[in-house]
Amino acid sequence: MKENIVIIGGGIAGMEAAKQLLVLGYNPIIIEQQDHLGGHVSQWHKLFPDMTSSHELLDGLSNQIKDANVFLETKVNSINALGDSYNVILNNGVNIVAKAVLVASGFHLFDAAKKEEYGYGVYDRVITNADLEAWFNKRADARIPEHPKAVGFVHCVGSRDLKAGNSQCSKVCCTTAIKQAIEIKEIFPETEVYCFYMDLRLFGKKYEDFYINAQRDFGVHFIRGRVSEVGETIDNRVQVKAEDTLTGKPLKVTLDLLVLMSGMVCNPRTNELAEMIGLNIDDDGFLKSKDNVYTIMESNRPGIFYAGACTGTKTVPETVAEARAAVLSIHHYLTQA
Amino acid sequence: MMDFGFSLSKSSTINLDTVDTTLYKKLCDMEPDARICMSCGSCSASCTAASFSGMSLRKVILALQRDQDVRPMLSNCMLSGKCTMVCPRAINTRHLILTLYRIYDR
Chain Z
13 MKENIVIIGG GIAGMEAAKQ LLVLGYNPII IEQQDHLGGH VSQWHKLFPD MTSSHELLDG
73 LSNQIKDANV FLETKVNSIN ALGDSYNVIL NNGVNIVAKA VLVASGFHLF DAAKKEEYGY
133 GVYDRVITNA DLEAWFNKRA DARIPEHPKA VGFVHCVGSR DLKAGNSQCS KVCCTTAIKQ
193 AIEIKEIFPE TEVYCFYMDL RLFGKKYEDF YINAQRDFGV HFIRGRVSEV GETIDNRVQV
253 KAEDTLTGKP LKVTLDLLVL MSGMVCNPRT NELAEMIGLN IDDDGFLKSK DNVYTIMESN
313 RPGIFYAGAC TGTKTVPETV AEARAAVLSI HHYLTQA
Chain W
488 MMDFGFSLSK SSTINLDTVD TTLYKKLCDM EPDARICMSC GSCSASCTAA SFSGMSLRKV
548 ILALQRDQDV RPMLSNCMLS GKCTMVCPRA INTRHLILTL YRIYDR
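Protein sequences, first through last, are from chains Z and W. If you want my numbering, it's the 1-based position in the first sequence plus 12. If you want my numbering, it's the 1-based position in the second sequence plus 487.
Calculated from the structure, these hints are not laboratory results. All C-beta atoms in this analysis are idealised placements derived from N, C-alpha and C, irrespective of residue type, glycine included. Take these hints with a grain of salt, some might be off.
As the list claims (entries may be wrong) - Derived CB-CB ranges, DEER-like: (1) Gln46(Z) <-> Leu561(W): 52 to 62 angstroms; (2) Lys217(Z) <-> Ala577(W): 18 to 28 angstroms; (3) Tyr591(W) <-> Arg228(Z): 15 to 25 angstroms; (4) Arg336(Z) <-> Cys527(W): 33 to 43 angstroms; (5) Asp123(Z) <-> Asn502(W): 39 to 49 angstroms; (6) Asp229(Z) <-> Thr509(W): 14 to 24 angstroms; (7) Asp592(W) <-> Lys126(Z): 47 to 57 angstroms.
Construct all of the structure, not just a fragment, from the sequences and the given hints.
What follows is the structure in structure tokens.
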């Protein structure tokens, strides 16, 4: 009989892990809260830096994991150690015993309404990065005007913000803002686009080229300064105030659309799960790996492994690579035991 | 007007709604590389004239986008071309300055 491996979370990490586990001859069982696989990636339109279609990526992956067991709209009720195995009880009454559990429960998008000064949920013309991706997918959102004259992006919303409870950089927002700014310019070439940033963190392959591209070929304006407040004008637009730190002067601009780059925060459900079985939680709220250099995929408990953004903010390629690494760690763990 | 013993100072706020970027756009048409400046300050740090006159090409490029008069600063340039040697984005800064002179001459 094939060995059961429980995968908690059916996002890109859980799907990639299931695919690799099938190749190695295991029986992966994905437990997913939503009614579909794909997690956050399924809500996105295109992925940086190659403008990869997230739907094509997920469709390809779905085809490769047809033999995996998938429980949708299902939650883990409890998880207990049982000898050298774990007994995972689901809320649909199913009981799974597995020697290895992979936690791939991902992250939550920061709730932009918590930054009250930006007016998300208050002003019609303020949306989030996720709202904009949904619009790229469906082209239906009453908040997005037909011919915007000016559009702004606010980097680091909920990230690098101790007051919001998150000291971490979300890593993906700078590049996502540049990607979305380019997409806006492609749809509305006459629109002025402003990115308000503290630092531009473009660490990955091709990210810096993406930035140069946005500046040179699309004329996106980059303003170094954190937006301090947003207010509504009488004609239903939004006025943004920031310091233009490179000239040392206050700056204001009126926009037809303001996009808040909500960052990644820990998934509170993951923390409930961690408490059930005694997994260490780091001070940023994400799961604590054995270390942050060499064994990111390993937990403080034998048989429990991590992949993707449950341990911290990650890009898609990082998440996929980690899922593969975690599968190999599981394989070594089971074959050496 | 009655003298109350005080005066109002002009707001220093940059208002991007009303800023006139004609000159900056003209520069970008003639020198597209002006757009890729990332304000690192290498040009100003290596500038022969900077320590005596406050010349800073980084500030010039930014000031043009904010519609501020850059001629006083620009007039201090000695065209040494040191900035061109250090620009990490490989902008031909000396050429860019000469282009600006040409724009202002018209």
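To see whether the hints hold, each was checked on the structure:
With their beta carbons about 58 angstroms apart, Gln46(Z) and Leu561(W) fall inside the hinted range of 52 to 62 angstroms. In this structure the hint that Lys217(Z) and Ala577(W) lie 18 to 28 angstroms apart at CB holds, the actual value being about 20 angstroms. Checking the proposed 15 to 25 angstroms range against Tyr591(W) and Arg228(Z) shows it holds: the Cβ atoms sit about 24 angstroms from each other. Between Arg336(Z) and Cys527(W) the CB atoms are about 37 angstroms apart, so this pair conforms to the stated range of 33 to 43 angstroms.
Checking the proposed 39 to 49 angstroms range against Asp123(Z) and Asn502(W) shows it is violated: the Cβ atoms sit about 31 angstroms from each other. Between Asp229(Z) and Thr509(W) the Cβ separation comes to about 21 angstroms, which falls inside the hinted range of 14 to 24 angstroms. In this structure the supplied range 47 to 57 angstroms holds for Asp592(W) paired with Lys126(Z), their Cβ-Cβ distance being about 53 angstroms.
In the structure shown, a violation is registered for the earlier hint numbered 5 alone.
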